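Visitor: Kindly generate the complete structure, drawing on both the sequences and the hints.
Going by the working numbering, the sequence shown opens with residue 1, and the numbers climb by one from there.
Calculated directly from the structure, the hints in this document are not laboratory data. Please read all numbers here as calculations on a predicted model, not as lab measurements. Certain hints may be false.
[What the hints assert, rightly or not] Now the in silico label distances, taken between C-beta atoms and shown as ranges:
| no. | residue 1 | residue 2 | range |
| --- | --- | --- | --- |
| 1 | A273 | R210 | 33 to 39 Å |
| 2 | E121 | H369 | 28 to 34 Å |
| 3 | D256 | A447 | 31 to 37 Å |
| 4 | W132 | P539 | 38 to 44 Å |
| 5 | P137 | R210 | 17 to 23 Å |
| 6 | R37 | K503 | 46 to 52 Å |
| 7 | A21 | L528 | 20 to 26 Å |
| 8 | A40 | H303 | 46 to 52 Å |
| 9 | E292 | A447 | 34 to 40 Å |
Glycine included, C-beta positions come from ideal geometry on N, C-alpha and C.
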Amino acid sequence: MVRTTLLLLACSVLASAGDPAKLQTFFQRWRAFQKPRLIAGVPDYSPAAMARQHRELLDMQQAFQALEPKGGSIREQVDGHILRAEMAGLDFDHRVLRPWANNPAFYVTVFWERSDQPAREGPFAVGAVELWQLAFPLKAADAAALEAQLASIPGLLKQAESNLVGNGRDLWVYGARALRAQADDLGKLVARLTAPGAPAQPSLVAAARRAQAATTGLAAWVEAKLPHKTGPSAIGIANYDWYLTHVQLLPHTWRDEVTLLERELARAQTLLALEEHRNAKLPQPVPVASAEEHGRCFPEAVHRYMAFLKDHDLMTVAPYLEPALLAEVGTFQPGPREFFTEVDYRDPRVMRTHGYHWFDLAREEREPHADPIRRGGLLYNIFNTRTEGNATGWEELMLQAGMFDDRPRSRELIYILLAQRAARGLASLRLISGEFTIEQAAAFASAHTPRGWLSLQGQLVRAEQHLYLQQPGYGTCYITGKLQLDQLLARRREQLGEAFSFKAHTDAINAAGLIPASLLRWELTGELPEDVARMLATP
1 MVRTTLLLLA CSVLASAGDP AKLQTFFQRW RAFQKPRLIA GVPDYSPAAM
51 ARQHRELLDM QQAFQALEPK GGSIREQVDG HILRAEMAGL DFDHRVLRPW
101 ANNPAFYVTV FWERSDQPAR EGPFAVGAVE LWQLAFPLKA ADAAALEAQL
151 ASIPGLLKQA ESNLVGNGRD LWVYGARALR AQADDLGKLV ARLTAPGAPA
201 QPSLVAAARR AQAATTGLAA WVEAKLPHKT GPSAIGIANY DWYLTHVQLL
251 PHTWRDEVTL LERELARAQT LLALEEHRNA KLPQPVPVAS AEEHGRCFPE
301 AVHRYMAFLK DHDLMTVAPY LEPALLAEVG TFQPGPREFF TEVDYRDPRV
351 MRTHGYHWFD LAREEREPHA DPIRRGGLLY NIFNTRTEGN ATGWEELMLQ
401 AGMFDDRPRS RELIYILLAQ RAARGLASLR LISGEFTIEQ AAAFASAHTP
451 RGWLSLQGQL VRAEQHLYLQ QPGYGTCYIT GKLQLDQLLA RRREQLGEAF
501 SFKAHTDAIN AAGLIPASLL RWELTGELPE DVARMLATP
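Guide: Here's what the structure looks like:
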């Protein structure tokens, strides 16, 4: 019945003809429905509550179908397909992923680091505690708000012991590690709150300690169950293909993505080999080696990058973009380097190009989209072909625009980045199909990343595959999104000929909002591409 409803929606023009306000009103109703109900401040993911929500979802989809119009602008139709995709995402959660029942990491809700995406990557329970937003020592109002947030954690984690019944071993192994990491993060919070000179906030400290104890307790409970968790964690190719089509709105299949990523990995490795041959007589860049050097080189890299964007007329540079990028340069980290630090410390300008994410977030904050459907992060990470695909593509576009002509060895770094993303994406596809465990996926990604920089001794390689197992389509979106945006640029160049402006093209992408790249192709070209049309009509 749900699949039939989705087919009817996909085959219709989903917009409120001449009255987008109706669609936006429905959007607010849908977003309120999607959240679990709260009981004493704790989100209810119990079997009974989730069964009820899944039953009621069909009514929500049928109500949406009643908005079927007789026409509507392309922009309105795109908004309708976004709404349909979000509802398909919740349906998929209930039918396949069931993260509240299968995935212990779903119950991790405390974060010290800011995500560079409009919504945090992966599935998580409602009630995120974003500690990075706080300024310590805490003011009274912030302390009270944080205490209220922490107070719900023990109840949520106690509920998790009843909800979690899955048998996927990888999800349980890495979920236990994620819970241990949250316990450590809460320990850091307690230390910050009780440091010498910190204001006395005993009730807040007690709430943090209770949350830490509850997290440690759930981690131990999950670990005790591990000997009996022997099943696969993969969703399989058929489910993955359905998710790509109906939720991610990507006109590819698992097999298509294997082919595309294998081609991109080979292309990246080939161009890297050519760059290395051309630059053989040049010295390799020496990595940043001190806090002082970091403090000098990284802000300078931002200034040079922003000047390059302005001087080459590549995009409209709003005054708030440079401060947004400067705020995210981080600090020097001694010791063994993870993959992105290996790149970053050799030329800080390189990863500033991928830092387009911070432009997206700053624009969202300072110039929020007029359309509420496009304001804020879309559910189920369906923005990722635009956000990650654009940031990945922008790296090579800046290379071709001449940004690294003064440092030819930095051109090699761009192709190392591209190879790593293709390698880890291919690993994630084998993980999704059930051919690989997380450990095998990590080994594959490491082996196919140049120079040994994605080391199995680090934390990143497994953390990435754990995310991709939880959030289908994320491991491949860097490449598949980039290719969708390449197709968009190529078609606009064909349409406009000599009138094509790279700056105007970039500005149009930014103005459209953080929506799936396939729908951007439709909206910005004014044409419904054949592959996108087939995708939208797929049962």
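Visitor: Is the distance from the Cβ of W132 to the Cβ of P539 consistent with 38 to 44 Å?
Guide: holds, 43 Å
Visitor: Does the Cβ-Cβ separation between A40 and H303 fall within 46 to 52 Å?
Guide: Given a distance of about 51 Å, which is inside 46 to 52 Å, the answer is holds.
Visitor: Should the hint that R37 and K503 are 46 to 52 Å apart at their CB atoms be regarded as holding?
Guide: Taking Cβ atoms as reference, R37 and K503 lie about 47 Å apart, which means the hint holds.
Visitor: In this structure, is the beta-carbon distance linking P137 and R210 contained in 17 to 23 Å?
Guide: holds, 21 Å
Visitor: CB of E292 to CB of A447, is that within 34 to 40 Å?
Guide: holds, 36 Å
Visitor: Starting from the hint 20 to 26 Å, judge whether the C-beta atoms of A21 and L528 obey it.
Guide: holds, 24 Å
Visitor: Range first: 31 to 37 Å. Now tell me if the beta carbons of D256 and A447 are that far apart.
Guide: 24 Å Cβ-Cβ, so the 31 to 37 Å window is violated.
Visitor: Assuming the hint says 28 to 34 Å, is it satisfied by the Cβ distance from E121 to H369 or not?
Guide: violated, 21 Å
Visitor: Indicate whether the distance between the beta carbons of A273 and R210 respects the range 33 to 39 Å.
Guide: violated, 56 Å
Comparing the model with each numbered hint stated earlier shows that hints 1, 2, 3 do not hold.
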